[in-house]
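Peer 1: Sequences and hints are given; from them, build the entire structure.
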Amino acid sequence: MLRLVVRRLLQLVPTLLGLSVLLFIWLNRLPGGPASAILGERATEAEVARINRALGLDQPLYVQYGRFLKRIFELDLGTSTQTGQPVWDEFVLRFPATVELGVAAMLIAVAVGIPLGYLAARKRGGWLDVASVSGSLVGICIPVFFLALILKGIFAVNLGLFPSYGRMATGLDATSVTGFAVLDGVLTGEFDASWDAIMHLVLPALALSSIPLAVIVRMTRASVLEVLGEDYVRTAESKGLERKTVRGRHILRNALLPVVTTVGLLTGSLLSGAVLTESVFSFGGIGSFIRNAIDARDYPVLVGFIMFIAMVYVLINLLVDLAYSVIDPRVRVH
Amino acid sequence: MPIFKSRAVRVITAAVAVGLVATGCASERGKGGDKGGDKDTFVFGAPGDPGSLDPALASDGETFRVTRQAFEALLEHKSGGSELVGGLAEKWSSNPEGTVWTFNLRKGVKFHDGEAFNAAAVCANYDHWYNWTGTYQLDAVSYYWRKIMGGFAKNEDPEAPKANYKSCTAKDDSTAVIEVNEPSANLPGGFSLQALAIHSPKALEEYKKQQATSKGDAITYPKYSQEAGTVAGTGPYRITKWNKGNKEVSLERFDDYWGDKAKVKNLVFRTIDTEDGRRQALQAGDIDGYDLVAPADIKTLESAGFTVPTRDVFNLFYLGMTQEKNPALKKPEVRQAIAHAIDRENIVKTQLPEGGKVATQFMPDTVAGFSENVKKYPFDTAKAKSLLAGAKEEKLSVEFCYPTEVTRPYMPAPQDIFELMKADLGKAGINVTPKPMKWAPDYLDATEAGSCDLHMLGWTGDFNDGFNFIGTWFAKKDKQWGFDDAKVFDSVNAASKEADPAKRVDAYKKANETIMEYLPGLPISSSPPAIAFGKNVNPPNVSPLTQENFAEVSFK
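For the record, the sequence lines run as chains A and B. Using the numbering used here, you'd call the opening residue of the first sequence number 1 and step up by one each time. Using the numbering used here, you'd call the opening residue of the second sequence number 1 and step up by one each time.
Don't read these hints as lab results, they were simulated from the structure. Every value quoted in this text rests on a predicted model; they were computed, and no experiment measured them. A virtual CB, placed ideally from N, CA and C, is assigned to each residue, including glycine. Do not rely on the hints blindly, as some may be mistaken.
[What the hints assert, rightly or not] Restraint ranges, calculated between C-beta atoms of paired labels, are given here:
| # | chain 1 | residue 1 | chain 2 | residue 2 | range |
| --- | --- | --- | --- | --- | --- |
| 1 | B | Lys223 | A | Val326 | 42 to 48 Å |
| 2 | A | Asn158 | B | Lys357 | 54 to 60 Å |
| 3 | A | Trp88 | B | Asp506 | 52 to 58 Å |
| 4 | B | Glu302 | A | Arg291 | 27 to 33 Å |
| 5 | A | Leu9 | B | Lys223 | 55 to 61 Å |
| 6 | A | Leu9 | B | Glu405 | 38 to 44 Å |
| 7 | B | Glu182 | A | Asp173 | 48 to 54 Å |
| 8 | B | Lys209 | A | Arg291 | 41 to 47 Å |
| 9 | B | Lys110 | A | Val177 | 52 to 58 Å |
| 10 | A | Arg53 | B | Glu182 | 23 to 29 Å |
| 11 | A | Thr175 | B | Lys209 | 23 to 29 Å |
| 12 | B | Lys427 | A | Asn158 | 42 to 48 Å |
| 13 | A | Asn158 | B | Asn538 | 25 to 31 Å |
| 14 | A | Gly153 | B | Gly305 | 17 to 23 Å |
[Claimed, not checked] Interface residues of chain A toward chain B, partial, derived using beta-carbon atoms under 10 Å:
| # | residue |
| --- | --- |
| 15 | Arg53 |
| 16 | Arg94 |
| 17 | Gly229 |
| 18 | Phe281 |
Peer 2: Okay, here's the thing in structure tokens:
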């Protein structure tokens with residue numbers, strides 16, 4: 001087990017190195033640079049040249065790349081050209097919001113998706129099955145930002161049940177411990193802050209959960225259907241085992257294997273969905289920051305973020321493999 | 001199955017409970033749009049985050065919108081207007097040459113940190129900026145100081161202009177004298193800029209301990225400019241918190257303020273990036289006002305009972321023509337043909353909010369120096385065709401760049417405006433190749449480098465002086481226009497060096513007439529940007545310079 005973890009972590013090194021080279025080439029092929037984004041429509045040619053010189057953007061690509069690599073080894077992601085603050089600080093400030101949103105969305109997707117998929121399979125052809133299959137199709141088809149706009153229009157603007165934007169109520173002076181607003185409220189005993197953060201999470205998390213929820217419902221349903229037809233389920237049932245045992249140990253446990261892989265991969269992709277959802281709700285996470293970073297050609301932020309996502313993907317894959325070995329002990333043998 | 005049934009019941013019960021609690025919470029939260037009386041916090045939806053809490057380091061409107069409530073300059077603009085009035089200086093005067101500026105300062109003014117405001121504090125600020133070194137000398141950091149005062153005590157960049165600032169002397173506690181080397185059109189208007197607002201000397205000392213750096217790929221802004229605590233001005237509000245995670249800057253009424261105290265105790269600026277998002281937040285009652293209202297939303301909001309005042313026009317939107325890129329545009333007849341081909345009246349009528357005007361020159365009619373006698377180019381397709389024929393350019397083809405995903409106060413819907421212009425040009429026989437581009441940095445880079453035949457841009461004035469408009473474009477050669485015409489440049493520069501205000505206005509009029517004779521591009525329109533407020537809000541006087549003073553806001 002330890003060897004697996006170490007090997008996977010070591011795989012990160014060439015992955016990130018390769019990615020950093022590709023990224024550098026890509027970013028530098030994009031038209032424009034940060035200088036005119038910093039100065040806006042007031043920039044003159046001389047001013048742009050001066051800023052480029054000061055930022056070292058007039059130097060050859062390999063020099064810039066070398067400087068970047070050196071910084072990475074020093075565990076320094078550089079400074080955001082948009083905000084003039086260290087990229088790391090900006091990430092620490094914003095990632096908890098996005099992670100919180102992603103976790104909430106995933107919790108909704110898993111908590112609703114797995115039971116729904118299971119029930120749909122068990123009641124194949126029934127109304128619940130038809131509803132969940134067609135519902136999940138709609139969930140996959142509707143773009144996340146569109147759903148976010150609809151949810152916001154109905155539940156925030158018209159009904160006023162939830163806040164229409166942001167992560168916390170205006171002026172709410174909550175103590176920050178971990179940066180995760182819901183958790184911080186619990187840790188510090190400021191439960192009103194936790195509640196407020198949850199209220200702000202509901203609509204964006206619902207919107208963001210639409211695709212993973214739909215995928216999980218379909219995956220679980222298909223997987224349970226497959227397992228239901230297996231001999232060992234029939235055997236277990238004919239042996240007269242308790243229903244609960246057959247459902248839990250024989251059907252769900254086996255059916256969940258492919259679902260776990262899917263959940264893992266979906267978790268990574270949630271980050272990209274978050275960019276749009278956060279923008280609709282002006283949620284102070286990494287999503288809108290990255291969108292602005294693209295507009296502003298904020299290279300250090302973009303490189304840092306994409307590298308981070310790559311790292312998350314590798315780590316999630318590792319976690320998925322570990323989860324596999326818990327659900328299906330045979331994996332450990334191989 | 002009973003298990004599932006009972007679970008389902010439990011889930012539904014829980015959902016209903018959550019719904020009920022949520023409804024209760026929402027009503028407690030209060031609907032800013034229709035509940036008033038007891039409110040002591042005014043929340044304004046800003047389109048973007050501020051960049052710094054020290055306005056001297058900034059050049060963007062979002063920063064100034066926040067800092068303006070906390071910092072005051074020597075001069076200000078009349079509430080709701082563009083006329084210069086006393087700010088921290090009650091009165092001001094200059095010598096006839098316009099090189100010595102004397103300010104009689106207000107007495108009894110206190111900074112937010114308890115320090116007293118006096119002439120020494122004024123000089124400490126000006127000397128602080130003048131002595132900036134290193135990173136602070138970059139345009140990105142000291143944009144406005146460089147624009148208004150030229151360079152620094154010791155210019156580190158050989159290309160930087162010579163400093164125009166000479167000295168500041170505290171003649172006595174309430175008299176400060178600022179001297180410059182040469183008269184400048186940027187004065188006295190420049191003394192009103194937020195970037196030159198006065199900070200507490202104690203805060204300035206703290207600033208010096210936390211320097212900006214430009215190591216590696218970017219400029220790192222000093223810590224004090226990113227966290228409330230150190231900065232201290234004299235304004236009606238003091239900045240208490242910048243919660244970047246929640247995209248919110250909080251300000252609190254400053255009870256020792258020398259003038260009329262703010263009517264609302266707390267003022268919060270919250271960033272909502274999208275136009276729709278801001279409108280919906282206002283409709284939902286989550287905010288009490290917002291800026292950059294889409295012209296299409298004005299009627300909807302007004303009919304729902306919101307207040308949507310439009311500001312007086314103080315901007316200019318133009319069609320740029322780049323002569324170096326397309327040699328045909330060097331011919332005056334071709335430029336005139338383009339001007340005659342475009343139905344500007346129609347653009348104003350269909351694309352701009354009410355109050356928009358067709359522009360006849362490169363400044364709005366609210367700026368001193370606007371001339372009634374400029375050459376005009378009315379919409380006339382037949383004339384455009386004959387001018388093109390005369391220039392032997394009947395088959396003229398042009399590349400026309402326009403920005404996407406952007407709205408500017410002077411240009412609400414770039415793509416729609418482009419479509420109208422394209423159709424008009426087409427009718428005159430000009431073949432247009434559209435080149436849509438993302439606003440920043442693609443479009444800005446392309447226009448600045450002069451790589452479009454035609455493009456659309458504009459400007460919102462900083463203060464009421466003609467040079468702030470025409471000087472921006474026509475004081476020297478600029479790739480955006482790609483022309484080098486001494487007559488145009490001289491007329492603009494002559495006006496900028498005229499110390500006598502009355503004579504300067506005449507010189508601007510002449511410069512406008514010269515420019516419109518030459519026709520480097522086509523001024524299209526000036527439009528009044530709208531701002532929206534909740535139903536229970538008594539809005540502040542709206543400012544043509546977008547310099548609203550939120551201390552004037554109250555709840556009904």
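Peer 1: For every hint, state whether the structure bears it out.
Peer 2: Each hint tested on the structure:
1. Taking 42 to 48 Å as the suggested C-beta distance range, the pair B:Lys223 and A:Val326 conforms, at roughly 46 Å.
2. Distance hint check for A:Asn158 and B:Lys357: the Cβ-Cβ separation is about 37 Å, which falls outside the suggested range of 54 to 60 Å.
3. Distance hint for A:Trp88 and B:Asp506: a CB-CB separation of about 57 Å, consistent with the stated range 52 to 58 Å.
4. Checked against the hint of 27 to 33 Å, the C-beta distance between B:Glu302 and A:Arg291 comes to roughly 31 Å, which is consistent with it.
5. The hinted window of 55 to 61 Å between A:Leu9 and B:Lys223 is violated, with their beta carbons roughly 35 Å apart.
6. Separated by about 40 Å at the C-beta atoms, A:Leu9 and B:Glu405 satisfy the suggested range of 38 to 44 Å.
7. Checked against the given bound of 48 to 54 Å, the beta carbons of B:Glu182 and A:Asp173, roughly 51 Å apart, stay inside it.
8. A beta carbon spacing of about 35 Å between B:Lys209 and A:Arg291 contradicts the range 41 to 47 Å that was offered as a hint.
9. The supplied range of 52 to 58 Å is broken by B:Lys110 and A:Val177, whose beta-carbon atoms lie about 37 Å from each other.
10. Between A:Arg53 and B:Glu182 the CB atoms are about 28 Å apart, so this pair conforms to the stated range of 23 to 29 Å.
11. Range check, A:Thr175 to B:Lys209: about 28 Å between beta-carbon atoms, so the 23 to 29 Å window is met.
12. Range check, B:Lys427 to A:Asn158: Cβ separation about 45 Å, and the 42 to 48 Å hint holds.
13. One distance hint, 25 to 31 Å for the beta-carbon pair A:Asn158 and B:Asn538, holds here, with the actual separation near 27 Å.
14. Here the CB-CB span from A:Gly153 to B:Gly305 is close to 19 Å, well matched to the stated 17 to 23 Å.
15. The interface hint given for A:Arg53 is met, as the beta carbon of that residue sits about 9 Å from the closest beta carbon of chain B, less than 10 Å.
16. Taking 10 Å as the C-beta cut-off, the interface hint given for A:Arg94 holds, the closest approach to chain B being about 7 Å.
17. Because the closest C-beta pair between A:Gly229 and chain B is about 21 Å apart, greater than 10 Å, the hint is violated.
18. A least Cβ separation of about 8 Å between A:Phe281 and chain B falls short of the 10 Å threshold, and the interface hint therefore holds.
Checked against the numbered hints given earlier, the structure breaks hints 2, 5, 8, 9, 17 and satisfies all the rest.
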